[in-house]
Amino acid sequence: MAGSGVDEPRRDVLDTLSKWGLAAGLVAAYGTFAAFLGRFLFPAGPPAKGWMYVAPLKHLSVGDSVLFRTPGGATVNIARQQPEDEEGAFIALSSTCPHLGCQVHWEGQNNRFFCPCHNGVFSPDGKGIGGPPGDAGQSLPRYPLKVDAGLLYIEVSTEELAMGPGKILEDQESPPGPGHDPCLFVCPAPFADPGRRA
Amino acid sequence: MTLKEKRTILIVLSGLFLASLVFVQKLEVARRYEEAGLSPHSVAIPASSRQCVDCHIQGTPGIVDHWRGSTHALKGVGCVDCHRADEADADAFPHYGYTVATIVTPRDCAVCHGEVAKEFEKSHHAAGGNILASLDNFLAETVEGAREPFNPHSPTPGKAVDMVNGMASAFSGCQQCHGSKIALLGTDGGMITVDELQPDENGRPTNLDALAKVVKDESGRPRFHAGTWPNTGIGRLNLDGSRGSCSACHSRHDFSPRRARQPENCGKCHLGPDHPQKEIFEESKHGIAYRDLKDEMGLDGDSWVLGKDYSHAPTCATCHMSGNIRNGGKITHDPGERISWTNRPPVSLVMDTDINGKIVKATDPAERQKLIADTAEAKRTRMKAVCSNCHTPDYVNAFYKQYDDLVILYNEKFAKPGKAIMAALQDQGLLTPTQFDEEIEWTWFYLWHHEGRRARHGASMMAPDYTHWHGMFEVAERFYMEMIPQARELADHDGGTAGAEVHRVIDEILARPEHRWFEEGAAEQMAAIRKAMEERYGQGGPAAKKGGEGP
Amino acid sequence: MATPVRWIQERLPVSGEDLRELTNEPVPNHLKRWWFALGGTPAYLFVVQIVTGLLLAVYYKPAAETAYESVRFITEEAAYGWLVRGVHKWGATFMIAAVILHQMRVYFTGAYRKPREINWMVGMCMLICTLMLGFTGYCLVYEQLSYWGAAVGANIAGSVPVVGEWMKMAMLGGDGFNSQTLPRFFVLHAAVLPTLLTLLVIVHIGIIRVQGVTEFEFGDEPEDEPKYFNFFPEHILSELIIGLLLMVVLTALACIVPATLGPKADPLVTPEVIKPEWFFYVAFRWLKLFTGTVAVLSTGFIVFIMFVWPFIDDWIRRKTKYPEASVWIGIVGVLLIILLTVWEAVVAH
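So the sequences go chain by chain: A, B and C. Its first residue numbered 1, the first sequence is counted upward by one per residue in our numbering. Its first residue numbered 199, the second sequence is counted upward by one per residue in our numbering. Its first residue numbered 750, the third sequence is counted upward by one per residue in our numbering.
Simulated from the structure, these hints should not be mistaken for laboratory data. Some clues are possibly wrong.
[To be verified] Below, a list of computed lysine-lysine pairs in the BS3-like style, where the Cα atoms sit at most 25 Å apart:
1) LYS528/B - LYS568/B
2) LYS19/A - LYS204/B
3) LYS414/B - LYS58/A
4) LYS19/A - LYS506/B
5) LYS568/B - LYS49/A
6) LYS492/B - LYS320/B
7) LYS492/B - LYS1013/C
8) LYS414/B - LYS167/A
Source: prediction; values computed, not measured.
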């Protein structure tokens, strides 16, 4: 900036400070405004997420896992690794191996996720530690989980939430539990003949 | 202004601009929150119902949305507060850590709305379910349908029909207004109703054998008999022994007072050929004014007192239920409190009621005096309090004179004679004990149940066309042109003393001054009419001449 | 650091000195008074309008079936859409206000006098351009009032003698508001008028640079100080202050009084009360005072007088004894404008 003030011969610290302050203020203010305007060009925003019900906590004991399919079709291994009834005791990882797309499963006894196609091994938090994924440093995408009132929830996009409940495809090493209330959304069981009266 | 001053101002302004952008950001976040359906109405979801809402917003978003717009939601009354059940309740089931029941009965509503529930309990509305063993129900269950399921007699292409439900008309018709007797499915295929469960005063079933037979799905939820639920009939007989359904008028799940104040709400049931109250209202000056001024009537208001919040026009609720300045704004949930005639039976009765709200039918004045707890006159006074917000006492009293006269005319000229003729036929054994298997039974039913009520209701709510053309005119036609000839035919067919007795009853009726014209003719009157027509229109037209020929 | 500068200078032989020379015109001292800095305000707002307008055009769909829905989308769904629309709307209001204030300042200080008559007329063209921008922009929303505003506007244009019908047809693309109309308004609002206005701004500023800013002297100015100050940084800082102040006010207004969306245009139902935007209240009231052609012609006549005012003023100063008559005429004119605007604002019809 051409700063040759006519009536201000002395340059002091304050002057420099005010100049920088001015520049910073202008950049910050107009910059924020410009950022807002730029954001306007992406109307949809980041995909909204919501919590989808998976199962009661007691459905899974330590070492167990379930293969959960979201309504959008993604398959997720949800494994219980600790006995505490809190989020940290569980982990939800995509069951699709980053190597060639095979299905990864939790091996409770070995404390690892395992892909049988090329012996891919993942640590309990999903990092590739052996086989092709280990060599390539790939890990399994992780899904946030939430525990509320003894029930386990997984974070999925709101579009998926609107598509209906997800589904537990298979239980591994766990007894069959009460699962999701089947009558909440669809009630396939036929009513008995209403014509008969006692 | 020096450069430095300008710079300082600029720095301050930059800060201000940033501050306003922070405000922008706050608004944007709030907007997005709202867009995501997280805060549509600043309604705080009660913690106990948070979980219900989270799940049901996906499964049944409509229910959650309706509730969100309700006063309940505003006041923090959530799902669990109404659907909460005791484990001992017949229809209770565990649902994500709560014990709930599907059907919310007046007993549940009474937890908060106790006074209202008491008023309702006394009302004729609450007794709507008593139709289940009445003549009307005989119509639906036997005449229209069949009490037992029967086999279809030919296939229905595209649908596997192995059984015809003969109760369909009763389930979908009668009971949707009158209320069903809610039933759970029994393991033996039977129905488990309040009769089987024998609930105690807390609504808990005492018959544990019946309870044990209830069919439940794998999550422990009892199965309802599909004929009896869904049902929001006003006199529903609930499993806990309570009678009625508040959502009959206060539609779930928004429980909109606005809707309950509108005639369309009552029009779910009070319409049609046998009691067209809604159509009668629409024809009346009251209904005309309502249609015109509806938008200005403050139907949304917290308070809706006639004379204070509005005076534009009355709705059904205004006269029969809502408060007005003359009664201190007191609302009643017993619409019978302001009704002085019951026009429901064949012969209208004066609404002197006993302590249970039942009409006193005793004829001895002293006996009546003893039984009456609330007189028809007191009821009429309550109604007049409503009227007097807009009409002078003379006007109101004269209206009631017109109304009384019409009801009494109908009673004396057609209803009591009709009843006497039917009784004579019955007594003389000329009718089978079975209803609706003889033409005259249909004739008589049409006369009082449809046409007679239309005439009386029309007069009660100022609808001239219903009083006359849909009412008395058809009553008269039914009486003279169908009932009398049919009764005489039955008598002639008998030919014996029984027939003669019936003829005697009819003759005695027709000899009365009000009926004499029918057989003796009314030549004098016709001549007078003809003369008047000639004076009015010159030559008496062909219509006048034709009319002169008499019946 | 030096290399890229040299790289550029080898290709564009413009030195920093030249640039400074080009932009750093000495500014007369009177411009230290805020009242005289109003000319830059509409220019600044014009830039704001271009930026926000371009963004709005990204989502706006100029067709009868889609226009309202796209505006609703911008207002309710797009991220910060309400802010962009709010700033654009309030920016328009402020821009028109600033243009009017600038013109009044020029008028009352007699800055249009010889040799600046041409620039006054350029300014008049800019005023008309700005008002047209306001009108077409308002119509694009396609809500009830803007639809009927457009319909009424077209009919007023249609009552101009001889060319009226042609103007109306050209404006609407048919006898009435039809499916061809909105795209026309959009092209006018987003392409034709802004381009025209940009060219006029260049001419306007170019003429100022050629002629220099009118110089005024005030009695309270010290004699011994220079009569000019530098465009950089002094005047630009003043303009920056105005610009920032405007941003604060615009964003605040966009938050507090957001741009709303009335009911969708319904060609079958005329609203009880039709009102244009506030800046047309004067003309609207004037048109209501007279009938049809007379009203339109008189409006045209007034605009014509305003156009050639420098020459009329010159004539008055030379031929009459009242050299300052323009001030009094101006005061009467302003009062009349205020009166008509307020009148239109307070009555329903």
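Hints and how they fare:
{"no.": "1", "hint": "LYS528/B - LYS568/B", "in the structure": "28 Å, violated"}
{"no.": "2", "hint": "LYS19/A - LYS204/B", "in the structure": "11 Å, holds"}
{"no.": "3", "hint": "LYS414/B - LYS58/A", "in the structure": "23 Å, holds"}
{"no.": "4", "hint": "LYS19/A - LYS506/B", "in the structure": "67 Å, violated"}
{"no.": "5", "hint": "LYS568/B - LYS49/A", "in the structure": "71 Å, violated"}
{"no.": "6", "hint": "LYS492/B - LYS320/B", "in the structure": "31 Å, violated"}
{"no.": "7", "hint": "LYS492/B - LYS1013/C", "in the structure": "24 Å, holds"}
{"no.": "8", "hint": "LYS414/B - LYS167/A", "in the structure": "23 Å, holds"}
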